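Could you build the full structure based on these sequences and the hints that come with them?
So the protein sequences, as listed, match chains A and B. Counting from 1, position 612 in the first sequence corresponds to residue 611 in numbering that gives the first Met the number 0; the numbering is continuous, with no gaps. Counting from 1, position 81 in the second sequence corresponds to residue 80 in numbering that gives the first Met the number 0; the numbering is continuous, with no gaps.
The hints are simulated quantities; they were obtained by calculation from the structure and are not laboratory data. Every clue listed holds true.
What follows is a list of derived Cβ distance ranges for each label pair: (1) B:Ser25 with A:Arg134: 50 to 60 Å; (2) B:Leu366 with A:Asp112: 54 to 64 Å; (3) A:Gln62 with B:Arg27: 48 to 58 Å; (4) A:Arg419 with B:Asn445: 48 to 58 Å; (5) A:Pro290 with B:Lys175: 35 to 45 Å.
Stretch-level coverage of chain B by chain A, calculated; a stretch enters the list once three of its residues show a Cβ under 8 Å from a Cβ in chain A: (6) 351 to 364; (7) 367 to 379.
Since the structure is predicted, the reported quantities are computational estimates derived from the model, not experimental observations. Every residue gets a Cβ at the ideal spot worked out from N, C-alpha and C, and that includes glycine.
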Amino acid sequence: MSLLTVRDLSVAIGQARPVDGVSFDIALGETFALLGESGCGKSMTALALMRLLPDAARIGGGQVAFGGRSLAELPESEMRSLRGGGMAMIFQEPGTSLNPVMTVGRQIRESIDLHGGKLGAVELLDAVGIPDAPRRANEYPFQLSGGMKQRAMIAMALAGAPKLLIADEPTTALDVTIQAQVLDLLRELQRERRMAMLLISHDLGVVSRMSDHVGVMYAGQLVEVAPRDRFFGAAAHPYSRALFAALPDSSRRDGELASIPGSVPPLTAIFSGCRFADRCAEVRPACREAPPPWRELGDGAGAQHMVRCIRVGELPMAAPMAAAEKSALAARREGAAALLQVSDLQVHFPIRRGVLQRVVGQVRAVDGVSLELQAGRTLALVGESGCGKTTAGKAILHLQPPTGGSVRLDGRQLGGLAPRAMQMVFQDPYGSLNPRLRVGEIIAEGMRALAIGGDHSRRIAGLLGQVGLAADMAGRYPHEFSGGQRQRVAIARALAVDPRLLVLDEPTSALDVSVQAQILNLLRELQGRLGLGYLFITHNIAVVDFLAHEVAVMYLGRIVERGRAEEVLRAPRHPYTQALLSAVPRVEQDGEMRGVERVVLQGDMPSPANPPAGCHFHPRCALAVAACRSAYPDETRLTATHAVRCHLAD
Amino acid sequence: MKVVILWSDALLFLLLALVFIGGWWSRRQAHLRDAWRKVGASATAMAATTVLATFLLVGVLDSLHYRERLPDVGGVPAGSTNYSNEVLSALDAVLSPLRTRSEKTYSAPLATYLFAKESLDAGGGGRDFPRLRHGGAHLGAQLDGHGGDIAMRVLKGLGLGVALWLPLWFFARRKKLMRSGIHGDGAGDTAGPAVGAVLVTALVLLLIAGVVVALAQGYHVLGTDKVGQDVLYLTLKSIRTGLLIGTLTTLIMLPAAVLLGMLAGYVGGWVDDAIQYLYTVLNSIPGVLLIAAAVLMMQVIIDTHPEWFASSAERADARLLALCLILGVTSWTGLARLLRGETLKLREMDYVQAAQAFGVGRLAIMLRHILPNLMHIVLIALVMDFSGLVLAEAVLSYVGIGVDPNTISFGTMINAARMELAREPMVWWSLAAAFAFMFALVLAANLLADAVRDAFDPRNAG
Chain A
0 MSLLTVRDLS VAIGQARPVD GVSFDIALGE TFALLGESGC GKSMTALALM
50 RLLPDAARIG GGQVAFGGRS LAELPESEMR SLRGGGMAMI FQEPGTSLNP
100 VMTVGRQIRE SIDLHGGKLG AVELLDAVGI PDAPRRANEY PFQLSGGMKQ
150 RAMIAMALAG APKLLIADEP TTALDVTIQA QVLDLLRELQ RERRMAMLLI
200 SHDLGVVSRM SDHVGVMYAG QLVEVAPRDR FFGAAAHPYS RALFAALPDS
250 SRRDGELASI PGSVPPLTAI FSGCRFADRC AEVRPACREA PPPWRELGDG
300 AGAQHMVRCI RVGELPMAAP MAAAEKSALA ARREGAAALL QVSDLQVHFP
350 IRRGVLQRVV GQVRAVDGVS LELQAGRTLA LVGESGCGKT TAGKAILHLQ
400 PPTGGSVRLD GRQLGGLAPR AMQMVFQDPY GSLNPRLRVG EIIAEGMRAL
450 AIGGDHSRRI AGLLGQVGLA ADMAGRYPHE FSGGQRQRVA IARALAVDPR
500 LLVLDEPTSA LDVSVQAQIL NLLRELQGRL GLGYLFITHN IAVVDFLAHE
550 VAVMYLGRIV ERGRAEEVLR APRHPYTQAL LSAVPRVEQD GEMRGVERVV
600 LQGDMPSPAN PPAGCHFHPR CALAVAACRS AYPDETRLTA THAVRCHLAD
Chain B
0 MKVVILWSDA LLFLLLALVF IGGWWSRRQA HLRDAWRKVG ASATAMAATT
50 VLATFLLVGV LDSLHYRERL PDVGGVPAGS TNYSNEVLSA LDAVLSPLRT
100 RSEKTYSAPL ATYLFAKESL DAGGGGRDFP RLRHGGAHLG AQLDGHGGDI
150 AMRVLKGLGL GVALWLPLWF FARRKKLMRS GIHGDGAGDT AGPAVGAVLV
200 TALVLLLIAG VVVALAQGYH VLGTDKVGQD VLYLTLKSIR TGLLIGTLTT
250 LIMLPAAVLL GMLAGYVGGW VDDAIQYLYT VLNSIPGVLL IAAAVLMMQV
300 IIDTHPEWFA SSAERADARL LALCLILGVT SWTGLARLLR GETLKLREMD
350 YVQAAQAFGV GRLAIMLRHI LPNLMHIVLI ALVMDFSGLV LAEAVLSYVG
400 IGVDPNTISF GTMINAARME LAREPMVWWS LAAAFAFMFA LVLAANLLAD
450 AVRDAFDPRN AG
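Listed below in structure tokens is the structure:
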């Protein structure tokens, strides 16, 4: 008996159909995951279930039954008591989902009063694992960290004892270690209360860890529905397979990622055949003629596996691994001169207080970072948000003046900007291009500013070709491009001045998986061709595993472990690195490793304005000993390349 | 005839030229062109534009000034000509019947008698309403035909309006046919400007104009004021004053607001402190007080230097300009503060940092990366400020610190209405006329501002 039954649900915005004929069931105690890239209609489906669609959108057809009642026919007043009471929703951004001028406890109590919950606010906060709940209930949202806010949101959702919990990307805005905590909490609560859960995510790892059933959405339609183990064992739809193949990890580090060409079609697109046909590697003329019907791939055991693809029987069962030829990686040349040498870099921000603006303390955003990078290699700077990795990157470029330490390029000390040698690619492809300038002008800016001679328009055409764009795109404005294409433009802009080193600040974190693969492939290709050194700043371990030669892990402004990628990622020695790696939700194709013990960190990262005494990590470290509380550990060299700062390393 | 160019005329034409140049320039900027196209597709915006264009036409006509040549009087040597002391405008020439046919005092709209009883000397008839000198004079002594005459004139006026409108309609229709002929698929209909709205608005305006023209030939359509001047003439003359105050003030405040706002936001540090201090100080002085002080000072200067001005029109013009200047000086702070905030936001954008990473200079970053991204705010502020300033003039003139008392403006009309409303029976038409015209002007400006804001809001783009 399923709690929620959705049949042929459609949402219409004018002529567009962001959700078109979606059907699925969720039983009590089960988790159904909607998986897909952005713009596929996942969130719109969830909002349609709650009848909370934006004004322009309306439900275009189909039935939704919740506990035997049809939701489409309920009057708004009953719907209101159902929201929160019967089904509750958790949103992506905990920062904006809480009212900043009300205490957390009051906001939860409001929800309790509405739905007549049995538990009080403090008990609920306790249930979602917030330490010192009575005190926290009287605090305002700004006093809580991101992870705690999301826990408070969950507590609020639980107040009405809902039977169905809709979690819309509940951990996307959180760091990996916090994400692990929140995911565990959700699973635990679900088991305790036998709730049904609709999980919306773009992250295969999260889906793998949490779900019982998986539905893959593409362009407003479900294209594959399968039980979790079957999906992760033998995904059948070409889109699902491409998603798996596009995931970066170590096993593909010497090859090329399989990327899906193009990007998700816009809402207004009109389809005649299979919606994925334009990006599908296995496309046949028949695919474009009629919408593919559902195919049943039952194994007879009652587990339904449905695929919307006409060629599903003909395709090889195993996902075709990208068998690209191995690109020759630049081997580390021992003793080769380093391109970039950073020693003891510091960026401190003064904290000013009082009428006279006296300096009362320092925020040590970057506190003694030393790095070395050779030409043609990639150094990944890994850490959670707030650890100072972006500030370190900007300080190396002198975009943010460092307060101490030195940056040497080719052995020469840098005193200011060195725009011809070092360039930066930013995280947000929407914010990094001036919307008022044409792409050609954007790329030419560096050449103009540095008075590089030559035929600029020829060079722009060449650069656009180099990053995989057409030369005639130089006359267009950024808003005509998709996120991935914009990031290509940003890379072309950086390359325009022939830099030796690129600082890449999370260049793929704002992109979808399939587009991320395109950009990563491009970056690798450019490195092989131009011999660029990359300083890759990221929190995404999978990307690091794919791209980086060397890894440095940052915690609270300092590097706690560094070494070659294999050393740090396969045999981490610092407890923080270990926790970080184990917190990453991995795609387990066979489902065996589900019960494996993980190191889950407790608590949040402390503020860099007031770091803990001794080892910065000791309050969260399970292995901390007395020495950790008193002194910051010195660097212990484990091998010629692998070093760690931990008292327990030797 | 001798052409006179007042300072305010020159500035108005300069402003118009700037608007045309700006329009021509923005045609070549894709994002601006798209936004303007969106404005053009909005029926409300186009109707408002039509109304504003009509007001502008009246204002421009009223800004072409000249001094009439006096008829040669005997004794003047041949070759030298005398010009009248009175500065007239093209609008005055068009409206010369209205201007010259003044009554003794108040008369109601379309009336044939004065509003107040007077003792009649002829025939010893005691006190009665005297006949108007011009209103309904063509009817002669028999007034039976008064109602019928008005009805006939209304019909004639409606006919005139339709007759003027039909060519316009044919023109628009032919253009549309041509356009759909080129595209073949009628694509021009959906994306094209809202021609229908323009035509309907034009029809309404022409019908009103036709009726007014037909009636005005025999009557005072909106009555007369205390000294017997035609109120319709006064309201039409007020339009120029309103437009000037609305536009010239923004011209004065704009450079200051943009420059100071951007500097404060981008450069920061002590520059920011200084600019913030400046506008906080300006803002903390009551605006009316500051304006009153400045206007009175200006008045003293003008009065002590009569030799600076050739005619009374020039003196009034100087005072009008001074008022614009003072309003500009006191009103740049709001926009500057807005732009400072936006610049603070833009400064942290990645594309600005990317430009810094190339070593692009401060000024170049401000001009290339900050200013173009502020333009939509500037434009919205301009259009929205316009209506505020027109209203501000009315308030200031009402308080007595506005334009020169000789300058005809909505404010002076409303000021005069203060006494008229206290009369028994009430004289309402002066205020009603000023109110109706100002209402139409400000409403049109506000509707256009709304449409412009919607079109230029980046959140609506896409």
